[in-house]
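There are 4 protein chains.
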Amino acid sequence: MPLAHLRDMYRDVRQKFEDYCAPLEIEDYGLQAVAETSPAKWHLAHTSWFFETFLLKPFMPGYQPQHPAFEYIFNSYYNGVGAQFPRPQRGLLSRPTVAEVYDYRHAIDDAMLRLLESTNGDQETIASRTELGLQHEMQHQELFFTDLKYNLAQNPLCPVYVEAPGHEEPSAPPELAWNSHDGGILKMGAETGSGFCFDNETPRHRVFLEPFELANRPVTNADVLAFIEDGGYRQPALWLADGWGKVQEGHWQHPLYWRQQDSEWFEFTLHGLKPLNPQGIACHLSAYEADAIARWMDARLPTEFEWESVAQGQPVEGHFVDSGLYHPDTPTPDTLFGSIWQWTSSAYSPYPGYRPAEGAIGEYNGKFMCNQLVLRGGSCVTDPRQVRASYRNFFYPPDRWQFSGVRLARDYCK
Amino acid sequence: MPLAHLRDMYRDVRQKFEDYCAPLEIEDYGLQAVAETSPAKWHLAHTSWFFETFLLKPFMPGYQPQHPAFEYIFNSYYNGVGAQFPRPQRGLLSRPTVAEVYDYRHAIDDAMLRLLESTNGDQETIASRTELGLQHEMQHQELFFTDLKYNLAQNPLCPVYVEAPGHEEPSAPPELAWNSHDGGILKMGAETGSGFCFDNETPRHRVFLEPFELANRPVTNADVLAFIEDGGYRQPALWLADGWGKVQEGHWQHPLYWRQQDSEWFEFTLHGLKPLNPQGIACHLSAYEADAIARWMDARLPTEFEWESVAQGQPVEGHFVDSGLYHPDTPTPDTLFGSIWQWTSSAYSPYPGYRPAEGAIGEYNGKFMCNQLVLRGGSCVTDPRQVRASYRNFFYPPDRWQFSGVRLARDYCK
Amino acid sequence: MPLAHLRDMYRDVRQKFEDYCAPLEIEDYGLQAVAETSPAKWHLAHTSWFFETFLLKPFMPGYQPQHPAFEYIFNSYYNGVGAQFPRPQRGLLSRPTVAEVYDYRHAIDDAMLRLLESTNGDQETIASRTELGLQHEMQHQELFFTDLKYNLAQNPLCPVYVEAPGHEEPSAPPELAWNSHDGGILKMGAETGSGFCFDNETPRHRVFLEPFELANRPVTNADVLAFIEDGGYRQPALWLADGWGKVQEGHWQHPLYWRQQDSEWFEFTLHGLKPLNPQGIACHLSAYEADAIARWMDARLPTEFEWESVAQGQPVEGHFVDSGLYHPDTPTPDTLFGSIWQWTSSAYSPYPGYRPAEGAIGEYNGKFMCNQLVLRGGSCVTDPRQVRASYRNFFYPPDRWQFSGVRLARDYCK
Amino acid sequence: MPLAHLRDMYRDVRQKFEDYCAPLEIEDYGLQAVAETSPAKWHLAHTSWFFETFLLKPFMPGYQPQHPAFEYIFNSYYNGVGAQFPRPQRGLLSRPTVAEVYDYRHAIDDAMLRLLESTNGDQETIASRTELGLQHEMQHQELFFTDLKYNLAQNPLCPVYVEAPGHEEPSAPPELAWNSHDGGILKMGAETGSGFCFDNETPRHRVFLEPFELANRPVTNADVLAFIEDGGYRQPALWLADGWGKVQEGHWQHPLYWRQQDSEWFEFTLHGLKPLNPQGIACHLSAYEADAIARWMDARLPTEFEWESVAQGQPVEGHFVDSGLYHPDTPTPDTLFGSIWQWTSSAYSPYPGYRPAEGAIGEYNGKFMCNQLVLRGGSCVTDPRQVRASYRNFFYPPDRWQFSGVRLARDYCK
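Chains as they are written, first to last, in the working numbering: chain A, 1 to 414; chain B, 1 to 414; chain C, 1 to 414; chain D, 1 to 414.
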């Protein structure tokens with residue numbers, strides 16, 4: 001990406017995060033209900049830390065770090081950079097204050113924009129790392145939404161982050177239908193030279209697929225209600241063994257943010273507590289729930305390659321963060337992108353020939369390639385600039401706090 | 001206490017809490033590092049809840065609660081009032097905001113002052129409950145300090161709550177000396193009609209004491225340093241069995257807030273990280289440490305009655321919260337009150353004939369009479385209006401986050 | 001005790017343990033369901049270890065230890081002797097086998113009897129330590145019964161240790177009645193020179209007691225049934241705060257070994273699963289349950305001194321282990337001893353002037369004087385030779401696996 | 001398999017388990033150190049339960065179960081059969097005794113042999129289920145060895161299960177060398193009609209493989225020693241993130257059964273504690289360790305299909321349980337089978353078109369297809385009749401108590 005374009009993108013992406021934070025009270029910035037859901041303030045600082053650590057310190061001559069302790073307290077998991085403040089305690093950092101974190105952020109922005117205007121140095125590395133930093137930032141902006149939702153949900157006052165935008169009510173969801181695909185030897189992964197991608201999408205390589213069918217829409221809340229009413233959360237035969245263990249240990253009886261009051265179903269959303277919309281796309285499902293619902297519907301999760309092979313032919317269009325509606329809506333037929341991350345049955349593993357980047361930045365993706373599953377497609381709180389057919393998101397099977405749902409697949413039987 | 005006097009005291013005590021909070025950043029108000037250390041905001045609200053629940057609701061005609069959810073979220077442990085928001089999650093309540101909590105507090109103050117000016121109703125009960133509410137508030141003000149200290153101590157930036165006031169350096173601590181006491185049949189507990197007391201100080205009753213000796217000053221940091229240098233934290237023979245278990249489980253090697261950097265000792269205080277003052281009174285000791293240090297010094301903890309029998313003859317004077325120095329200093333000889341709470345070997349048990357108050361307010365003290373030890377004397381963050389010879393504070397033996405230390409006792413041997 | 005008498009007692013006490021083990025299968029000897037309930041095999045070995053460690057090694061010239069590893073694996077908690085094999089893993093020691101442990105035991109017996117016949121050495125210390133060893137052994141024999149019961153209770157087959165002996169059915173339990181006592185200054189603790197006692201019963205000292213009343217019989221199963229039917233396990237107002245926490249955490253709804261099948265109550269006993277006998281003395285109550293039941297019956301637990309003051313005038317007669325009935329029966333009026341250990345409200349603390357024995361043997365009692373409550377009286381699985389008015393047993397308030405129950409007390413009100 | 005042949009196999013396989021148990025003491029049969037390592041007695045009973053549940057009950061007319069409680073206590077995880085006695089408590093079942101379990105086993109054997117001689121009923125299903133039962137039994141016989149080893153290892157006496165057989169010392173291990181393979185579209189999974197296989201090996205299907213290289217021998221203890229000496233257990237850069245978490249949480253510094261005494265390395269084996277053999281194949285590695293060692297050796301784990309593609313051309317020969325040497329030895333070049341299970345990087349997932357069997361027996365494999373990795377090859381305690389190129393074993397990445405090691409792979413680069 002040319003530097004001029006990159007400067008614009010830098011300004012835009014960085015500003016977006018401040019826009020997203022605008023509705024917060026100071027008190028909201030520090031919430032961390034569980035280790036996974038970092039405070040908004042920490043995300044604001046850590047994304048700045050990324051630019052300071054991987055661009056300003058190595059590439060800006062004479063750069064002085066903003067604060068001696070920030071390298072430690074805002075390092076997420078880069079052992080190559082140094083020790084990290086314990087993740088479960090990020091919510092205990094009342095200092096630096098929100099104002100001080102914004103000061104830090106703005107100081108980094110000033111320095112970054114100066115760096116991006118400089119004509120010295122290794123401009124190619126600076127450009128590619130800056131782009132990586134912006135993609136990293138957009139990932140954390142999505143986590144800002146999902147973590148905030150989880151943290152606010154602990155409060156019996158059910159705080160509203162922002163009111164839902166007025167929007168045209170979509171018509172009823174399409175009937176579930178199946179599109180069949182031939183399979184065969186197909187190329188998967190990001191193509192070199194076709195724009196930004198993460199190392200985990202490479203190298204492009206061949207995969208053999210058997211014929212399969214993919215559903216025309218994700219599973220809806222009405223589908224999940226039917227699953228619940230059929231006793232789905234009480235029948236071990238529908239569940240993976242580890243999933244059934246989790247159902248019992250966590251007393252799961254419905255998706256994460258559903259609540260039943262006087263036999264009415266409600267759902268906590270970033271727009272407050274709302275009556276459950278049966279026509280809406282189901283979200284905040286763990287992979288275990290996704291898998292059990294699929295089995296109950298006589299189907300299965302797609303592999304990541306089945307999904308990617310279909311997505312390769314589609315435009316990246318759908319319901320993303322720019323809509324201002326931070327909750328999935330009624331599905332649009334045959335749209336693979338947006339609304340929810342779709343669980344696949346594929347373990348998050350390295351592609352044949354995969355090599356992580358050199359140095360600490362190589363810890364970005366590779367070291368997480370164990371125990372997690374791939375999700376595809378992007379959600380209603382994803383920036384569309386992050387999404388492409390080859391993008392691999394990954395979470396642990398029991399994780400539920402992402403906007404994750406399920407699109408069914410099945411073997412093709414003539 | 002006459003109502004006019006009570007109104008003055010009400011205004012004064014309530015204002016004090018706001019004064020104590022003045023140095024905080026908004027972000028500090030919500031910190032809760034462990035279940036025991038509630039957020040400042042919660043203390044501000046809960047003490048108001050106490051007046052709303054036990055005075056305004058029952059005694060003010062037509063009183064409308066400030067918020068339907070506050071009865072639940074600001075109830076500490078009164079099962080007789082209703083369910084309670086889980087204690088470990090108080091730090092997750094970003095709403096109500098700090099400003100809203102102050103609004104709540106001020107609305108309660110307005111109503112309470114009206115109630116205290118009214119000439120109707122059961123004035124005697126209103127007066128005695130108001131006094132109880134103010135004593136309750138002062139207890140929470142002390143917890144405000146101890147909880148805040150623990151919560152700030154988690155931050156590697158070592159935040160300063162306020163700078164220490166300039167004060168005259170005390171001279172060297174007195175040499176350890178022993179005052180002997182005859183024992184015999186003595187009266188213990190609060191005398192009826194001699195001012196406010198909690199139910200757990202009653203009824204006044206007779207106790208037989210064998211002759212004993214009590215130290216002229218508490219154990220100092222120099223004493224604890226000598227204990228450490230002698231391997232005190234590594235010798236099981238010095239410890240109670242449960243204490244030794246805790247030493248190993250918690251990897252205890254020194255008192256709670258001590259830190260060693262390059263062989264120099266420092267101590268985290270509400271005035272920031274300071275070089276350890278060897279002449280200062282040792283604090284933040286668990287009862288296990290207090291007991292082990294006493295054993296190592298060939299002494300023991302006093303019983304609560306030994307302590308009380310000596311304190312009965314002394315004025316309540318010493319180092320309390322009104323000094324503005326929120327850390328113990330060099331000891332003054334033969335002063336039993338102030339600076340630190342002194343662990344006793346006495347289990348927190350009911351006195352013979354003890355009866356808790358009727359109703360939910362009876363949960364104040366009685367239900368905690370198990371597994372805890374009594375501490376006596378008041379600390380540098382205690383309001384002196386709380387302290388008297390018969391006052392019984394109580395914590396669990398492993399607790400370390402209070403300003404707790406040790407005054408030695410021993411059997412009298414001619 | 002004269003050595004000749006001691007030899008007889010040694011043979012008798014040691015033989016008893018083998019008699020108690022006779023009904024076991026080899027497989028039963030190794031069971032350990034929780035850290036507290038050691039395997040029978042371990043008790044057999046540890047009691048032998050006690051004689052080897054504290055008598056044979058120091059006092060028998062040229063004594064060679066039976067096995068180099070036994071000092072470690074059969075040490076319970078004596079830090080002065082050395083490190084200990086982790087208590088929760090005693091059940092994992094399939095070797096030494098049962099036969100090898102009996103060989104160890106018999107080798108110790110041979111050596112001990114030789115030592116007790118020798119006319120050399122410090123005969124006084126040998127005699128007093130041997131007596132201590134036998135009292136220690138009887139304590140472990142009682143634990144053999146309580147631990148075995150807990151361990152067998154985990155088995156859905158409800159194994160029978162031995163059949164209950166045929167015995168005359170007692171008549172109905174006496175009506176609950178109260179005996180009043182004057183209190184005053186009373187002497188408590190063991191009298192010097194009046195036979196064996198533990199260090200924790202000394203020194204004899206004066207205590208002042210207010211007048212009180214003590215029940216003529218312990219609480220029965222019928223009393224506990226009434227408590228349950230009145231919702232006793234669901235009313236927090238009846239419970240100490242820590243007790244209520246335990247009720248919720250452990251989902252307590254009845255005493256430990258009670259089971260309800262088709263609305264009939266049964267109780268697991270060492271004689272198998274039996275229909276609950278309403279007339280029987282209630283047992284396997286924690287101190288929390290004892291306290292809650294007492295409160296519900298408008299009474300309280302006695303202090304250990306109230307109990308002891310009444311017991312001082314009684315013969316040590318009652319239902320003990322020699323009956324062969326290992327479960328409490330219908331109460332006999334006004335008998336303080338036997339059937340069940342009676343919880344007192346007294347913390348297990350040192351008496352004024354208490355000094356533990358020198359050396360490792362001083363770890364026997366003193367280091368446990370924290371967080372536990374005193375129980376008095378002896379149970380149906382206690383050897384009567386252990387019991388006396390001044391004997392202090394001690395357990396943690398939540399402990400339920402001992403034969404522990406409650407005798408009510410109350411303040412005396414004319 | 002013809003029934004006559006099956007009867008012989010039945011007798012042989014069932015007898016083998018009793019032979020394996022012959023060296024045990026009665027006390028050893030009940031050991032269970034952690035939930036995963038079931039007691040030998042339980043394995044003996046559960047394998048009999050399998051025949052009783054899936055063959056005798058449905059197919060033998062008039063069959064009476066041996067004991068009403070066994071269906072419950074010896075059910076492992078078949079929800080379709082009913083509830084299960086909690087796995088972590090299997091070691092608490094001292095009853096039925098070892099003798100009673102053998103009685104149970106023999107009663108099942110008698111009935112099974114009668115069933116296999118009968119000419120009525122659904123002989124095809126009986127034959128295929130019997131074969132499944134025998135394969136199931138051989139799997140549990142392997143677990144008998146691995147569980148016993150773990151359980152005995154807890155004992156500081158280091159019990160010897162059996163002495164190692166005398167055997168010719170193998171020569172030095174071959175130098176590490178690489179065999180290259182072309183990849184391409186290859187058929188994977190069990191071929192229909194070519195003998196027994198589990199459902200998880202089906203259906204046979206096509207997979208595309210890039211060219212790769214596979215090592216001629218597994219990693220040896222000398223390799224692991226070099227890894228340790230290079231600080232491998234202290235460098236996070238070598239580890240997967242979850243692996244590094246486990247290293248820290250478990251304080252891992254070497255493979256599971258290694259012990260260092262006075263700078264000498266020893267290894268606990270089923271033949272007792274032995275000096276570590278540097279030439280031996282490394283075993284008891286978790287997948288995390290396997291992955292880290294591979295990374296440190298500039299290689300990676302193979303995928304299960306890479307491994308299978310090479311194994312397809314090899315005879316199933318190697319070091320298995322029939323050798324009587326229950327520990328891996330010096331490697332033989334280019335032998336893929338035996339000695340150790342080889343971790344692959346492949347998640348244990350269903351093959352395209354996979355269908356589990358109908359009914360409770362369908363819980364055998366399918367419900368475990370999440371969070372586990374595939375291992376291939378068979379170990380020194382595997383029965384060779386279980387092993388084939390398509391056999392998929394599976395364990396969780398942190399698991400270390402199997403005989404699991406690593407054969408390196410790498411991408412092919414000309």
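Treat the hints with care, since some could be wrong.
Claimed, not checked - Dumping the calculated DSSO-like pairs for lysine-lysine here, alpha-carbon to alpha-carbon at most 30 Å:
1) C:274 - C:246
2) C:246 - C:187
3) A:274 - A:246
4) D:274 - D:57
5) B:246 - C:187
6) A:187 - D:16
7) D:246 - A:246
8) D:274 - D:246
9) A:246 - C:246
10) D:246 - A:367
11) A:367 - A:187
12) B:57 - B:367
13) D:367 - A:367
14) C:274 - C:16
15) B:367 - C:246
16) B:246 - B:367
17) C:57 - C:367
18) D:16 - A:246
19) D:57 - D:16
20) B:187 - B:246
21) B:367 - C:367
22) C:187 - C:367
23) B:16 - B:274
24) B:246 - C:367
25) B:187 - B:16
26) A:57 - A:367
27) D:16 - D:274
28) B:187 - C:187
29) A:246 - A:57
30) A:187 - A:246
31) A:16 - A:246
32) D:367 - D:246
33) D:16 - B:246
Note that these hints are calculated values from the structure, not bench results. Note that the structure is predicted; figures quoted are calculated from it, not measured.
We went through each hint and held it up to the structure:
1. C:274 - C:246: Since the Cα atoms of residue 274 of chain C and residue 246 of chain C sit roughly 27 Å apart, the hinted pair holds (cutoff 30 Å).
2. C:246 - C:187: 36 Å, violated
3. A:274 - A:246: 27 Å, holds
4. D:274 - D:57: Violated: residue 274 of chain D and residue 57 of chain D sit about 47 Å apart, past 30 Å.
5. B:246 - C:187: 36 Å, violated
6. A:187 - D:16: Answer violated: residue 187 of chain A to residue 16 of chain D is near 50 Å, above 30 Å.
7. D:246 - A:246: 21 Å, holds
8. D:274 - D:246: 27 Å, holds
9. A:246 - C:246: 24 Å, holds
10. D:246 - A:367: 14 Å, holds
11. A:367 - A:187: Holds - the C-alpha atoms of residue 187 of chain A and residue 367 of chain A are around 24 Å apart, at most 30 Å.
12. B:57 - B:367: Answer holds: residue 57 of chain B to residue 367 of chain B is near 24 Å, not above 30 Å.
13. D:367 - A:367: This hinted pair holds, its Cα atoms lying about 27 Å apart.
14. C:274 - C:16: 26 Å, holds
15. B:367 - C:246: 14 Å, holds
16. B:246 - B:367: 25 Å, holds
17. C:57 - C:367: Measuring from Cα to Cα gives roughly 24 Å; hence the hint holds.
18. D:16 - A:246: With a Cα-Cα distance of about 37 Å, the restraint between residue 16 of chain D and residue 246 of chain A is violated, given a limit of 30 Å.
19. D:57 - D:16: Holds, at about 24 Å.
20. B:187 - B:246: 36 Å, violated
21. B:367 - C:367: Distance of about 27 Å is within 30 Å: holds.
22. C:187 - C:367: Between residue 187 of chain C and residue 367 of chain C the Cα gap is close to 24 Å, so the pair holds against 30 Å.
23. B:16 - B:274: With Cα atoms ~26 Å apart, residue 16 of chain B and residue 274 of chain B stay inside 30 Å; holds.
24. B:246 - C:367: Holds: residue 246 of chain B and residue 367 of chain C sit about 14 Å apart, inside 30 Å.
25. B:187 - B:16: 35 Å, violated
26. A:57 - A:367: 24 Å, holds
27. D:16 - D:274: 26 Å, holds
28. B:187 - C:187: 19 Å, holds
29. A:246 - A:57: At roughly 44 Å apart (the allowed maximum being 30 Å), residue 57 of chain A and residue 246 of chain A break the hint.
30. A:187 - A:246: 36 Å, violated
31. A:16 - A:246: Violated, because 37 Å separates the two Cα atoms, which is more than 30 Å.
32. D:367 - D:246: The hint holds at about 25 Å.
33. D:16 - B:246: Between residue 16 of chain D and residue 246 of chain B the Cα gap is close to 49 Å, so the pair fails against 30 Å, i.e. violated.
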